[in-house]
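Asks: Here is how the chains run, residue by residue.
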Amino acid sequence: MLQLKNITKTFKSKNQVVHAINDVSLTIEEKEIYGIIGYSGAGKSTLIRIINQLEKQDSGSVIIDGEDISLLSDTKLNERRSQIGMIFQHFHLLWSRTIEKNIELPLEMVGMNKQLRTQRVAELIELVGLQGKEKAYPNQLSGGQKQRVAIARALANHPKILLCDEATSALDPDTSNSILDLLIDINNKLGITIVLITHQMEVVQKVCHKMAVMIDGKIVEEGSVKTLFEEPKHEVTKRFVRKLSSSADDEKLDKDLKLIYPNGKLLRLTFTETIAKQPILSNIIRKSEVSMSIVHANLTNTLLSSFGVMYVHVYDYDESSYQALLNLFEQHQVSVEVV
Amino acid sequence: MDIFNEVNWDQMLVAIEETLFMTLVSLVVAVCIGLVLGIILFLTQEKGLYENKLVHRILSFVVNLLRAVPFIILLFIISPFTKIIVGSILGAKAALPALILSSAPFYARMCMIALNEVDKGVIEACLAMGAKPSQIIYKVLLPESRPALISSATLMAISLVAYTAMAGAIGAGGLGNLAYMYGFTRGNDVVMYTATFFVLLIVFVIQGCGDIIVKKVDKR
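Protein sequence lines correspond, in order, to chains A and B.
Everything in the first sequence is counted per our numbering, starting at 398 for the first residue and increasing by one.
Everything in the second sequence is counted per our numbering, starting at 2 for the first residue and increasing by one.
Bound conformation, chain B alone (with noise of 0.2 Å):
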């Protein structure tokens, strides 16, 4: 076990929690944005509740677009705004608005095609019970769908673990830069490795709790 005595445990677990709090932040909040403009796609699509082609093909453009910048590059290009709001481009703060804004679109994407997935006869048949659009979104399409949207919500979050790693290359903190920095550029391999060892952990119990939850949720 000496070999484990070149990592700084009070790093790594400064690190985790770095990874940690970047990952869930994010997840939660391009969550909501992402449900919000997942169900405004839905709606406005052609033969949606609320068709509105102009709506619908401006905000799948933005979408589009901001899923087409390579992470790594939206990172730098948006590192002024960055500034703007958090007050510096540094810290695992600094790295919470390029997340969001790349995995909120993502999400907005897949929430739509969740919806699309609910059976248009039920649709139809609440439609035919008299119930209003509202109530259809909240009582019938989000509750039909929510298998589809938690396990969106879990690719997510293991695609947002990744990119938490590549914004701590460039001086975010979390175990990415732990990996980095300490790791690969001083030649250390245990911390290379343990600090891989963590984002696979992280990773493999996101994926284990959102197939529990799905299995839970999904009563077809």
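Bound-form chain A, shown alone (with noise of 0.2 Å):
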């Protein structure tokens, strides 16, 4: 079991002051995978950098397995961390060292036989399934590749507790998705706690047990996955989920939306860049004897553009109007579906 207690810790710099944990107390339990979300900035990389003393708090305690590691020896410390496997978002990997020898590293440095250590290096690189890569450089490995050495090199001397520092956000979708394969199917195998720190939420949702939010410095929530995502309370925690839930699929939406609006009919216009900075639909609304609501709309704004989709409910209408209306879309260059 991993404790923080009232963990606080504030840099300063010359003209500020800048309270980066602000006392923030956790639980995390055995074989658990645990996620702390939140921005840049939140203090979540100071957090996780404490659990294993990269970061000395100012006040507080970090207990794993009843013992109060920052009260620790240097030598007694040093021989704790090797109990804790870390990986990061840019892999830290030595380039002069060759793969099989960047993951005995760990195994050097604490001093095991070269017999056993060439014994440990080839199950963990079939454990994270880089065999042929050995004699391979970092460098000629792709991010996807180069996390998995950086996993086995983390898991070397079998850890308890596996630290994970924005691990996948270097990486695309898909290379992200498989090293979260991997660390779902290490917490299986191996029983490992985990604890990641990420700001993408879709990380959270596909690995983690629970999680925590944090702003500036504090938990402002915490709790299970599936509580969290059912019923966000903090404004934050809201802002995380919709975000996730903005890309699920439009026939959802479209369903949904009938059975609000029964009657009548349902358009779905859109918008595309080019006429999405015009006022359309005030024009059009003013010429057309149709009545209408707007019921959705999603404006998508990036840099340089805009565009988007917009779902009217049309009803209190003759067919001749009707016809009217469709006909003024297609001049304005709106295209219109029936829902």
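The set of hints was computed from the structure by calculation and includes no laboratory data.
A quick note: this is a predicted structure, and the numbers were derived from the prediction, not measured.
Please note that a few of the clues may not be correct.
Result set (DSS-like, lysine-lysine): computed pairs, CA atoms no more than 25 Å apart in a straight line [as the list claims (entries may be wrong)]:
id : chain 1 : residue 1 : chain 2 : residue 2
1  : B       : K54       : A       : K453
2  : B       : K217      : A       : K498
3  : A       : K511      : B       : K216
4  : B       : K133      : A       : K498
5  : A       : K511      : B       : K140
6  : A       : K409      : B       : K121
7  : A       : K473      : B       : K48
8  : A       : K409      : B       : K54
9  : B       : K140      : A       : K473
10 : B       : K216      : A       : K530
11 : A       : K411      : B       : K121
12 : A       : K498      : B       : K220
13 : B       : K216      : A       : K532
14 : A       : K453      : B       : K121
15 : B       : K121      : A       : K473
16 : B       : K48       : A       : K409
17 : A       : K498      : B       : K121
18 : A       : K530      : B       : K140
19 : A       : K557      : B       : K133
20 : B       : K48       : A       : K411
21 : B       : K216      : A       : K498
22 : B       : K133      : A       : K453
23 : A       : K411      : B       : K54
24 : A       : K453      : B       : K220
Need the complex rebuilt from these two chains, each delivered in its own frame; the hints are there to steer you.
Replies: This is the structure in structure tokens:
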């Protein structure tokens, strides 16, 4: 069991004091995958580094299996650290060592003999699926493969805890998924507690059992992933959840809207980039005799353009004015679909 | 080929040997001393693994001071000291203390720069593994900065060749001595240019070797 109790940490620079961590307490059970989500600057990087004491907290304690590791001597702390694996956003492999030598490094650090080291490296290579790449150098590998090497290296000394610092943020979605699958696999097979920090809700949703939401150095909401997804309480949690569901398929939306508006017609209007900036809708409403109301709209703004989809509910009309309306849309180059 | 009759080839060979001796010995010693000083500078700097402002400032000051003294002046200034440890202020051996004293600080500074260029994240990753500082130095910092360390050593070897010529002009022997004493002062252009040719040859060979080794060890 891993417990953080009342952790605070401030960074002082010339003219300001930053409260990176502000009285954070967490309990992470054994074999759990625990995600801490937050925007950049929320303090999550600092928090995860306090767990293995790469950063020392100003006050509070870090208790792993009943032992406060922040009170240990350097020698003892180094021993404990070898029991806590860590992986990073940018992998941090040694370019001067081959893949197998990279994985061997933590074993050398604890003074294991050569024969056992070779044996263990072979096991780890197999675990992360990098057979055949033993003699390659990191710069010959893809990002996903590098992260696999980093995972193998982190697991070398049979740690009980694996810390993941934005481990998939530098990878494309497919590779990211395969790394997350590997983490789930490791958690199942080896029973390792995994603590991960991320700014991507997809990551938490896919792999975590429990999660915490962090803002400005504080944990604002914590609980099982299911609960937080179903009933987010804090505004930021809601925002994270919403961001995830906005990409959910349109079919569901169509269905939902139809249930709400069983009468009249539902039209899906698609505005393309070039016309989205013009007052098309007000023109059309002025000219048309059909009553309509906007029931759903989604406008996406990028740096240089905006385009969007809008659902309107039309009711109280006769056939000719409805046709006139469709013509008007066509004139304005808005594409119309009847839902 | 008659013009080369003016060159005393035995003398030329001895001079080449002396230049190589001075360059290589001072290079090896300066690299060793410079590495140690550079590592200390690296470790004691602000936010270093063994941050120590006092040690860092003193060492930094000494290093800068020695680098600031022009080599030709350093030769004179330390001649009493040279006499005590070498027994003479003439000859190739007598040039070694000054050569080392001027190049070791240079290498110390280059070494610190090279070590600082090692990815901080890699060091962090190794600390997270529970690595001791000594392990970080031997297993991480030195191997990861090898290309920079080697190219700095190449650079230094070349400036050492130039320094040996300077030292040679005031009695340390070698190609510089030959070019100056037997070439320039006696108006023997052939000797002067031949000696210069060998200096250039040595420089090109050093640069070539340095480049090849760097290319070989750099797996980035």
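Asks: Check the hint pairing K411 of chain A with K121 of chain B against an upper bound of 25 Å on the C-alpha distance.
Replies: Between K411 of chain A and K121 of chain B the Cα gap is close to 23 Å, so the pair holds against 25 Å.
Asks: For the pair supplied as a hint, K216 of chain B and K498 of chain A, confirm whether the alpha-carbon distance does not exceed 25 Å.
Replies: Answer holds: K216 of chain B to K498 of chain A is near 20 Å, not above 25 Å.
Asks: Need the status of pair K133 of chain B, K453 of chain A: alpha-carbon distance at most 25 Å?
Replies: Given pair K133 of chain B, K453 of chain A holds - Cα atoms ~17 Å apart, limit 25 Å.
Asks: Take the C-alpha atoms of K133 of chain B and K498 of chain A, compute the straight-line distance between them, and say whether it is at most 25 Å.
Replies: 18 Å, holds
Asks: For a C-alpha distance cap of 25 Å, please report whether K511 of chain A and K140 of chain B respect it.
Replies: 15 Å, holds
Asks: Need the status of pair K453 of chain A, K121 of chain B: alpha-carbon distance at most 25 Å?
Replies: Cα-Cα ~18 Å, so holds.
Asks: Hinted pair, alpha-carbon criterion (25 Å max): K140 of chain B, K473 of chain A. Please report holds or violated.
Replies: 21 Å, holds
Asks: Would you check the hint for K453 of chain A and K220 of chain B, treating anything up to 25 Å between C-alpha atoms as holding?
Replies: Outside the cut-off at roughly 35 Å; violated.
Asks: For the pair supplied as a hint, K530 of chain A and K140 of chain B, is the alpha-carbon distance within the 25 Å limit?
Replies: Holds, at about 22 Å.
Asks: Holds or violated: K48 of chain B and K409 of chain A, Cα atoms, limit 25 Å.
Replies: 14 Å, holds
Asks: Would the pair K473 of chain A and K48 of chain B pass a check requiring their Cα atoms to be no farther apart than 25 Å?
Replies: Given that 25 Å is the threshold and the Cα spacing comes to 22 Å, the pair holds.
Asks: For the pair supplied as a hint, K216 of chain B and K530 of chain A, is the alpha-carbon distance within the 25 Å limit?
Replies: 22 Å, holds
Hint check: violations occur at hints 3 and 24; the rest are consistent with the structure.
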